[in-house]
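S.K.: Numbering (this note's numbering), first residue to last: 815 to 943.
If you are wondering where the hints come from, they were derived from the structure by calculation, not from laboratory data. Only a predicted model underlies this, so the values are computations on that prediction, with no experimental measurement involved. Where hints are given, some of them may not hold.
[Said to hold, decoys possible] Label-pair restraints from in silico Cβ distances:
id, residue 1, residue 2, range
1, Thr847, Ser882, 22 to 28 Å
2, Gly892, Gly840, 18 to 24 Å
3, Arg913, Ser882, 16 to 22 Å
4, Gly892, Arg919, 29 to 35 Å
5, Ile818, Ala909, 29 to 35 Å
Cβ coordinates follow ideal geometry from the N, Cα and C atoms, glycine included.
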Amino acid sequence: MSHIPLVTLVVRDYDEAIAFYRDALGFALVEDTDRGDGSRWVVVRPRGAGEGAGLLLARAKDEAQRASVGAQTAGRVGFFLHTEDFATDHARMSAAGVRFLEEPRHETYGSVAVFEDLYGNRWDLLQPA
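Use the sequences and the hints to build the structure in full.
M.R.: Below, the structure written as structure tokens:
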């Protein structure tokens, strides 16, 4: 069966992005390989995701790419982080400085709150019903 192993997320800086996804969101740093040309192959993935989809953190190389940092989904929620313990993860992320744009809400499909990553990309923290 086919699957999507990685989604590219354009970032300003590798190390600040790694720190946010690892420390604030609790992701695992799966790979950080120097490519020899000033770029790196950096992959982060939610802990416990196994071989599930991860993020390839790609540093912006030019002005056009820098302009897209934080706006890759035009202000819409573009990423969905599922959790098995919404209250605990929401509290942990809030304490780590993650900026939630709304109070948690409970919908028919589950508990959800929209947050921004360090660049302004919007995410749903979601515990499915």
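S.K.: Evaluate each hint against the coordinates.
M.R.: Hint by hint, here is what the structure shows:
1. Thr847 x Ser882: 22 to 28 Å: Since Thr847 and Ser882 have Cβ atoms about 23 Å apart, the given range 22 to 28 Å holds.
2. Gly892 x Gly840: 18 to 24 Å: holds (19 Å)
3. Arg913 x Ser882: 16 to 22 Å: holds (20 Å)
4. Gly892 x Arg919: 29 to 35 Å: violated (19 Å)
5. Ile818 x Ala909: 29 to 35 Å: holds (31 Å)
When each numbered hint is compared with the structure, a violation occurs for hint 4 only.
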